[in-house]
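Trainee: One letter stands for each residue in the lines below.
2 protein chains.
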Amino acid sequence: MTGATARRRGRPPRAESADTRDRILAAAREEFSERGYEKTSVRGIAKAAGVDSALVHHYFGTKEQVFQEALQAVFAPALKAPDVIFEGPAEGVGERFARFLFGIWENPVTRTPLLAVVRSAVTNEVAASVFRRLVAAQLLRRVASQLGLPDAELRAELAAAQLVGVAIMRYVIKLEPLASADLEVIIRRIAPVVQGHLTGP
Amino acid sequence: MTGATARRRGRPPRAESADTRDRILAAAREEFSERGYEKTSVRGIAKAAGVDSALVHHYFGTKEQVFQEALQAVFAPALKAPDVIFEGPAEGVGERFARFLFGIWENPVTRTPLLAVVRSAVTNEVAASVFRRLVAAQLLRRVASQLGLPDAELRAELAAAQLVGVAIMRYVIKLEPLASADLEVIIRRIAPVVQGHLTGP
Numbered sequence: 001m002t003g004a005t006a007r008r009r010g011r012p013p014r015a016e017s018a019d020t021r022d023r024i025l026a027a028a029r030e031e032f033s034e035r036g037y038e039k040t041s042v043r044g045i046a047k048a049a050g051v052d053s054a055l056v057h058h059y060f061g062t063k064e065q066v067f068q069e070a071l072q073a074v075f076a077p078a079l080k081a082p083d084v085i086f087e088g089p090a091e092g093v094g095e096r097f098a099r100f101l102f103g104i105w106e107n108p109v110t111r112t113p114l115l116a117v118v119r120s121a122v123t124n125e126v127a128a129s130v131f132r133r134l135v136a137a138q139l140l141r142r143v144a145s146q147l148g149l150p151d152a153e154l155r156a157e158l159a160a161a162q163l164v165g166v167a168i169m170r171y172v173i174k175l176e177p178l179a180s181a182d183l184e185v186i187i188r189r190i191a192p193v194v195q196g197h198l199t200g201p
Numbered sequence: 001m002t003g004a005t006a007r008r009r010g011r012p013p014r015a016e017s018a019d020t021r022d023r024i025l026a027a028a029r030e031e032f033s034e035r036g037y038e039k040t041s042v043r044g045i046a047k048a049a050g051v052d053s054a055l056v057h058h059y060f061g062t063k064e065q066v067f068q069e070a071l072q073a074v075f076a077p078a079l080k081a082p083d084v085i086f087e088g089p090a091e092g093v094g095e096r097f098a099r100f101l102f103g104i105w106e107n108p109v110t111r112t113p114l115l116a117v118v119r120s121a122v123t124n125e126v127a128a129s130v131f132r133r134l135v136a137a138q139l140l141r142r143v144a145s146q147l148g149l150p151d152a153e154l155r156a157e158l159a160a161a162q163l164v165g166v167a168i169m170r171y172v173i174k175l176e177p178l179a180s181a182d183l184e185v186i187i188r189r190i191a192p193v194v195q196g197h198l199t200g201p
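Keeping their order, the protein sequence lines are chains A and B.
Following the UniProt record's numbering, the residues of the first sequence are numbered contiguously, the last one being 201.
Following the UniProt record's numbering, the residues of the second sequence are numbered contiguously, the last one being 201.
It should be emphasised that the hints constitute simulated quantities derived from the structure, not laboratory data.
You may find that some hints are simply not true.
Since the list gives no way to pick out one identical chain from another, each pair is judged satisfied if it fits inside one copy or across any two copies.
[Stated by the list, open to error] Pairs of lysine to aspartate or glutamate residues, derived as EDC-like cross-links and limited to a Cα-Cα distance of at most 20 angstroms, are as follows:
id	residue 1	residue 2
1	LYS174	ASP151
2	LYS63	GLU176
3	LYS39	GLU125
4	LYS80	GLU184
5	LYS80	ASP182
6	LYS39	GLU106
7	LYS174	ASP52
8	LYS174	GLU38
9	LYS80	GLU125
10	LYS39	ASP182
11	LYS39	ASP19
12	LYS47	GLU34
13	LYS174	GLU64
Predicted model only: the values in this text are computed from it and were never measured.
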């Protein structure tokens, strides 16, 4: 019996629990990405992480809570958007927002989990509510608060709607010519729209 | 044995086959709306229509083909868009397009099957390809041809992306304040964007 196996008999030391937790979370991200919310089970996540289902419940609670934690990790880069887009001249806000979000979508590493999140949120009510909490509270509301305009939240959402709509038609449904269009051409057309929603009349 | 039952033994007369075909199509629309593309089976459609699976194959072919026919029926109202939106002054194209699509989304009768179509297209590649063929070829390409501008197809898709993005965030993910916002407020903000994509510089 190795030391590592022996150790599992007692209460795991703090470092090992952080490690196990991360391993479960990585497995959860993989499972949700591959199968979507509905077809993913706590049992499947546990199996992929090589642990008992009870341990998944111990660290995260319900499937909804595991999803929220996995989503939080997927969204971590996107949640930096408010800092990035308001750094620089006000008239560049629309372009920076567009570049920032398309940067995440164009990168296959960040696109795959994002695709899974969008698919899950569109098809499952629990996933949608997690998406609402995260995106609304942590991303769009922060963008809105920087705008300091009446209707700021609605403005942020309409700007996001243009970006999300393009992302869905380009990366998910793959409608042509949009799917193969040069990103710079898209940004040139989309940036003024986002700018208009955020800071226009 | 009634006359109607006796008749089924031979080749059905033309009127009866149109009737059966419609019944299968209505059942297919119901099944796809309730379950989405992936969870719907030809067997389930046949059962709901009260016919044998072989008859579904006889009239429509594969599940993909049944889906395409059902989608065609769901999209029939939306496919009138090009006629409606180009009837009237050119500067009102954006508003008419927005009003037309939101009219379909706001009506629960037309919204339910549309929701199913969007969910299916976002989660299933076969459904997405049917969606592409229909929406691209029959709706957006016709809008584009009326524009007569370079990049007309891309313009039509970016306009549609704004409308689809708002629809998904309002009706599917139900992000607030967008989900409860007054439709006129949304149209006032969205119409100029759609107009800009379609006819702007």
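Trainee: For this structure, which hints from the list above don't hold up?
Mentor: Violated hints: 2, 4, 5, 6, 7, 9, 10, 11; rest satisfied.
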